[in-house]
Amino acid sequence: MSARAIRRRVKSATMTGVVAGLAVLAVLPLLLIFGDLVHKGASSIDWNFFVKSPVPAGETGGGVANAIVGTLIIVGLGCLVGMPIGVGTGLFLAEFGHGRLGWFVRFIADVLNGTPSIVVGIFAWTWLVKPVGHFSALAGGAALAILMIPMLARTTEEMVRLVPNSLREAALALGYPRWRTSLTIVARTAMGGIVTGGLVAVARIAGETAPLLFTALGNLNFSTAIREPMQSLSLQIFTYATGPFEEWHRLAWAAALVLMALVLSLALAARWATRQRFGTKSSIR
Amino acid sequence: MTAAPPQVHAEGQEAAPAAAAVLHTSRNFGDPAYRALLTLVALVLPFLLLAIGGQLFVGAWPALHKFGINFVTTNTWDPVAEVYGAAPMIFGTIVSSILALLIAVPLALGTAIYLTEFAPKWLRQPVGFLVELLAAVPSVVYGLWGIFVLIPMLRSAAVPPLRATLGWTPFFQGVFYGPSMLAGGVILAIMIVPYIAAVSREVLAAVPATQREAALGLGATRWEAVWSAVLPYGRAGIIGAIMLGFGRALGETMAVTMVIGNRHDIGASVFGPAYTMAAAIANEFSEATTPMYLSALVAVGLILFLITITINALARLLVWRVAKGAAVGSKAL
Numbered sequence: 001m002s003a004r005a006i007r008r009r010v011k012s013a014t015m016t017g018v019v020a021g022l023a024v025l026a027v028l029p030l031l032l033i034f035g036d037l038v039h040k041g042a043s044s045i046d047w048n049f050f051v052k053s054p055v056p057a058g059e060t061g062g063g064v065a066n067a068i069v070g071t072l073i074i075v076g077l078g079c080l081v082g083m084p085i086g087v088g089t090g091l092f093l094a095e096f097g098h099g100r101l102g103w104f105v106r107f108i109a110d111v112l113n114g115t116p117s118i119v120v121g122i123f124a125w126t127w128l129v130k131p132v133g134h135f136s137a138l139a140g141g142a143a144l145a146i147l148m149i150p151m152l153a154r155t156t157e158e159m160v161r162l163v164p165n166s167l168r169e170a171a172l173a174l175g176y177p178r179w180r181t182s183l184t185i186v187a188r189t190a191m192g193g194i195v196t197g198g199l200v201a202v203a204r205i206a207g208e209t210a211p212l213l214f215t216a217l218g219n220l221n222f223s224t225a226i227r228e229p230m231q232s233l234s235l236q237i238f239t240y241a242t243g244p245f246e247e248w249h250r251l252a253w254a255a256a257l258v259l260m261a262l263v264l265s266l267a268l269a270a271r272w273a274t275r276q277r278f279g280t281k282s283s284i285r
Numbered sequence: 001m002t003a004a005p006p007q008v009h010a011e012g013q014e015a016a017p018a019a020a021a022v023l024h025t026s027r028n029f030g031d032p033a034y035r036a037l038l039t040l041v042a043l044v045l046p047f048l049l050l051a052i053g054g055q056l057f058v059g060a061w062p063a064l065h066k067f068g069i070n071f072v073t074t075n076t077w078d079p080v081a082e083v084y085g086a087a088p089m090i091f092g093t094i095v096s097s098i099l100a101l102l103i104a105v106p107l108a109l110g111t112a113i114y115l116t117e118f119a120p121k122w123l124r125q126p127v128g129f130l131v132e133l134l135a136a137v138p139s140v141v142y143g144l145w146g147i148f149v150l151i152p153m154l155r156s157a158a159v160p161p162l163r164a165t166l167g168w169t170p171f172f173q174g175v176f177y178g179p180s181m182l183a184g185g186v187i188l189a190i191m192i193v194p195y196i197a198a199v200s201r202e203v204l205a206a207v208p209a210t211q212r213e214a215a216l217g218l219g220a221t222r223w224e225a226v227w228s229a230v231l232p233y234g235r236a237g238i239i240g241a242i243m244l245g246f247g248r249a250l251g252e253t254m255a256v257t258m259v260i261g262n263r264h265d266i267g268a269s270v271f272g273p274a275y276t277m278a279a280a281i282a283n284e285f286s287e288a289t290t291p292m293y294l295s296a297l298v299a300v301g302l303i304l305f306l307i308t309i310t311i312n313a314l315a316r317l318l319v320w321r322v323a324k325g326a327a328v329g330s331k332a333l
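Protein chains in written order, with my numbering: chain A, 1 to 285; chain B, 1 to 333.
A hint or two may mislead.
[Said to hold, decoys possible] In silico DSSO-like cross-links for lysine-lysine, where the CA-CA straight-line distance does not exceed 30 Å:
1. A:Lys11 / B:Lys121
2. A:Lys130 / B:Lys121
3. A:Lys40 / A:Lys52
For the record, the hints were derived by calculation from the structure and aren't laboratory data.
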């Protein structure tokens with residue numbers, strides 16, 4: 001083998017090592033973050049943490065019950081509005097999205113997907129907070145819904161497109177009108193995938209903070225009134241992490257661990273659902 | 001029906017339209033209704049984009065009208081005197097995002113290349129999933145980690161060597177405050193790696209196998225095949241992926257707000273505190289009391305919105321050119 005050929009092979013092997021090393025470096029922060037969350041958060045988690053609301057600043061103890069319930073309510077409100085619109089848009093893109101309007105909507109969905117969530121927060125504020133005169137969980141839910149729609153639209157479209165055309169044709173040949181085929185055959189077959197997309201979207205909005213800063217605002221007391229300010233886990237972490245008290249920092253780590261566990265279990269559930277459904281994905285495609 | 005000689009033919013010709021007519025009139029009115037309903041739902045998205053842009057513009061108008069071009073070119077941000085110049089935030093936003101790209105692009109592209117071209121099959125899925133999980137970590141958790149882990153880490157491990165080797169340049173001088181441009185850039189880099197990696201991965205996967213095979217068939221080593229045949233083919237898409245990451249970095253709010261120091265100042269050194277547009281909105285919006293203060297912050301939001309929309313639109317077009325119409329990146333959590 002000539003020296004040149006050896007040099008080329010060595011270079012190829014070296015570069016393989018380099019890109020592998022870069023991949024390891026890219027994953028490293030995730031492992032560090034998980035490690036720190038467990039290390040610094042786990043010891044503060046006990047029963048009181050889940051059932052008590054915060055105590056006045058400076059005192060020890062207290063929990064984040066208000067924030068956990070708030071997160072569930074605000075995310076629930078977001079889903080209530082965002083899910084039907086998102087899934088509907090996805091169905092439109094998959095079933096009727098071949099023309100110019102489809103291209104346009106798809107493009108806007110992708111562009112909106114990259115819009116900073118804080119900008120969506122300003123929009124929700126001018127639309128739902130400013131006219132009413134006070135902050136509300138409702139406005140927070142609306143902001144999350146807006147963030148959710150484009151994500152859901154695109155994943156729903158992808159999942160509906162995976163449904164084999166022969167299924168659709170079989171239903172049409174039996175005399176089903178298109179709308180019934182679409183809803184009872186196509187959408188139903190893709191349901192697992194749509195649920196996956198929903199879980200991923202919920203995982204993403206559950207951790208959002210920026211759009212809630214001046215919509216839901218946060219609330220140190222336990223509250224379930226959707227027309228009033230409400231706390232969320234993410235807002236509470238922000239307040240505690242940037243506050244001056246050691247006790248707050250301790251609670252911030254614990255709350256972050258809980259939020260991360262929530263997001264992670266949603267993501268894993270989504271992954272599990274995908275595998276159940278599309279274990280043989282390549283053969284369908 | 002006429003009794004023409006080729007009766008079968010005639011019957012067939014007439015029966016079909018008749019049947020179609022029946023379907024259209026009596027049974028099938030559901031189809032147009034279904035289509036109209038879905039179209040109406042789908043129009044919510046364009047409407048939202050217009051509404052967001054319109055609302056922001058209306059809200060920003062008083063400030064833009066009063067300060068004009070000075071709004072983006074001057075440095076004074078004084079709510080008491082009601083003078084607003086957003087140049088430091090615009091500077092901080094762009095510099096922190098470029099800093100993030102400098103760190104994130106090699107990591108993300110290396111990951112994407114490794115996973116699509118070199119990694120053993122059993123390793124691809126799990127490592128890919130771990131990278132995508134990075135995108136699932138909430139921004140505020142990155143911020144928390146940034147304050148209590150990353151900044152101390154930078155202070156002890158990164159700043160001294162940087163100062164020793166590059167301290168003669170203006171970019172690495174002065175006191176390291178902790179919350180700084182450097183901390184913001186690093187945390188942003190960690191956050192955008194999964195986006196760039198996921199999109200580049202899909203772009204690389206969309207490169208036809210024949211590209212690789214042709215290069216390998218000509219005697220190229222595996223790296224040469226990647227470098228000279230695969231990457232050039234996917235170049236537009238990879239540039240798109242990097243721009244998507246840039247767009248994310250520009251608009252990222254919480255983590256940056258928590259570690260960048262939040263000072264209205266343009267400084268050359270990355271060790272000093274800085275500010276970004278998103279951070280300013282996050283910090284000051286609920287405290288803004290006067291209408292002009294609010295309007296100035298909304299104007300900052302409008303500028304951010306316009307910049308990110310432009311970058312995202314260009315990036316999408318580039319990515320679509322390679323991976324046709326695929327919802328690239330939507331799978332990144």
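Against the structure, the hints:
1. A:Lys11 / B:Lys121: holds (23 Å)
2. A:Lys130 / B:Lys121: Given pair Lys130 of chain A, Lys121 of chain B is violated - Cα atoms ~54 Å apart, limit 30 Å.
3. A:Lys40 / A:Lys52: holds (20 Å)
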